[in-house]
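As a plain string of letters, each chain reads:
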Amino acid sequence: MRLMVNGNESDVAAETFAELLLELGYEDMPVATALNMSVVRKKDRETVRLKEGDRVEILVPMQGG
Amino acid sequence: MDPLQFYGVSVASRLLLGTAQYPSPAILADAITRSDADLLTVSLRRESTGGTGGRDFWKLISGTGRKILPNTAGCHSAKEAITTAEMARDVFDTDWIKLEVIGNADTLQPDVFGLVEAARELSAQGFKVFPYTTDDLIVAEKLLSVGCEVLMPWGAPIGSGKGLNNRFALKAMRAHFPSVPLVIDAGLGVPSHAADAMELGFDAVLLNTAVAKAGDPVGMAEGFALAIKAGRLAYLAGAIEARDMAVPSTPVFGQPFV
Numbered sequence: 001m002r003l004m005v006n007g008n009e010s011d012v013a014a015e016t017f018a019e020l021l022l023e024l025g026y027e028d029m030p031v032a033t034a035l036n037m038s039v040v041r042k043k044d045r046e047t048v049r050l051k052e053g054d055r056v057e058i059l060v061p062m063q064g065g
Numbered sequence: 001m002d003p004l005q006f007y008g009v010s011v012a013s014r015l016l017l018g019t020a021q022y023p024s025p026a027i028l029a030d031a032i033t034r035s036d037a038d039l040l041t042v043s044l045r046r047e048s049t050g051g052t053g054g055r056d057f058w059k060l061i062s063g064t065g066r067k068i069l070p071n072t073a074g075c076h077s078a079k080e081a082i083t084t085a086e087m088a089r090d091v092f093d094t095d096w097i098k099l100e101v102i103g104n105a106d107t108l109q110p111d112v113f114g115l116v117e118a119a120r121e122l123s124a125q126g127f128k129v130f131p132y133t134t135d136d137l138i139v140a141e142k143l144l145s146v147g148c149e150v151l152m153p154w155g156a157p158i159g160s161g162k163g164l165n166n167r168f169a170l171k172a173m174r175a176h177f178p179s180v181p182l183v184i185d186a187g188l189g190v191p192s193h194a195a196d197a198m199e200l201g202f203d204a205v206l207l208n209t210a211v212a213k214a215g216d217p218v219g220m221a222e223g224f225a226l227a228i229k230a231g232r233l234a235y236l237a238g239a240i241e242a243r244d245m246a247v248p249s250t251p252v253f254g255q256p257f258v
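Sequence order for the protein chains is A and B. Read in order, the letters of the first sequence are residues 1 to 65 in our numbering. Read in order, the letters of the second sequence are residues 1 to 258 in our numbering.
Just so you know, these hints were derived from the structure itself, not from any lab. The beta-carbon is built from N, C-alpha and C at its ideal position, and this holds for glycine as well. Incorrect hints may have been included.
From the structure, some residues in chain B lie toward chain A, with a derived Cβ separation under 8 Å [what the hints assert, rightly or not]:
#1 R46
#2 N71
#3 A234
Here are the simulated lysine-lysine pairs, DSSO-like style, with alpha carbons at most 30 Å apart [claimed, not checked]:
#4 B/K142 to A/K42
#5 B/K171 to B/K128
#6 B/K162 to B/K142
#7 B/K59 to B/K171
#8 B/K59 to B/K162
#9 B/K229 to B/K79
#10 B/K128 to B/K162
#11 B/K171 to B/K229
#12 B/K59 to B/K142
#13 A/K43 to B/K59
#14 B/K162 to B/K213
#15 B/K213 to B/K171
#16 B/K128 to B/K67
#17 A/K43 to B/K162
#18 B/K142 to B/K171
#19 B/K59 to A/K42
#20 A/K51 to B/K79
#21 B/K128 to B/K229
#22 B/K67 to A/K42
#23 B/K79 to B/K142
#24 B/K67 to A/K43
#25 B/K142 to B/K128
#26 A/K42 to B/K79
#27 A/K43 to B/K79
#28 B/K213 to B/K142
#29 B/K213 to B/K59
#30 B/K128 to B/K79
FRET-style restraints, in silico, Cβ to Cβ [to be verified]:
#31 A/G7 to B/S145: 33 to 39 Å
#32 B/A172 to A/K51: 41 to 47 Å
#33 B/Q21 to A/R49: 51 to 57 Å
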């Protein structure tokens, strides 16, 4: 299905958020996630299902002031 | 140095340090060490495709053993800031958040209306909010009334290096909120600016650009650390009143040839 991942259109096979992180190579990385502007917590990633056109944010720790 | 607490948690240094804009990760690590900062600010951002910058950065920061203060930098609405704070709590495992709601992309001035709105919601969710605000006393009162127990007024616009633009307002803020931890956040350029803030009675200083963009960030980090300690000691010791006329320091009594 097609998703907007971090502002870019992506064609993915994943059906859950956890599968998406695996598919995109984010396993073993500390990430924060959101789906359509709502936070998806770590504990919910296995059960939150994705659907066509969803907007996904995957954020990582970065330098900040 | 006398103890400082934020939300009941002791911090070992009155210098809070941002982690952005350093020439290299190694210089950032050295600057953290030389500054003796106990609290570091970090952000959340999108990772570039295939990149490992986030993982490498987090390995460096978590390896320092310092406390973490995530920020909501770049958010221009309460909604964005609240969502970013919720994401930060999930990944950093802390309910501390440096709350920024920016009102103008050029001045980076806080949108104090969105700030109070976001602070109210986040405080209700159990966050410990560190609001980046102006020196306006009424906004400060609103922030305290919605649950903030720390205030972080700007000294000058972010990254400007101007020092304390409005000492009168900042002195009034210190006097108006004698028991609220006050942190000068943004706008400082040199260690004397930090000493000035501490001599006014501010509890701490948050620095980033002034250290990271200095010719020698590591040396500047230590310079600021020393200035902050000096300013704090001066505040606690009590400064003399300034006078317009000279007053001799050597005793007049017993002076010969008079």
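Original post:
If you check each hint against the structure, which ones fail?
Top reply: Hints 3, 4, 7, 8, 9, 12, 17, 28, 32 and 33 contradicted; others consistent.
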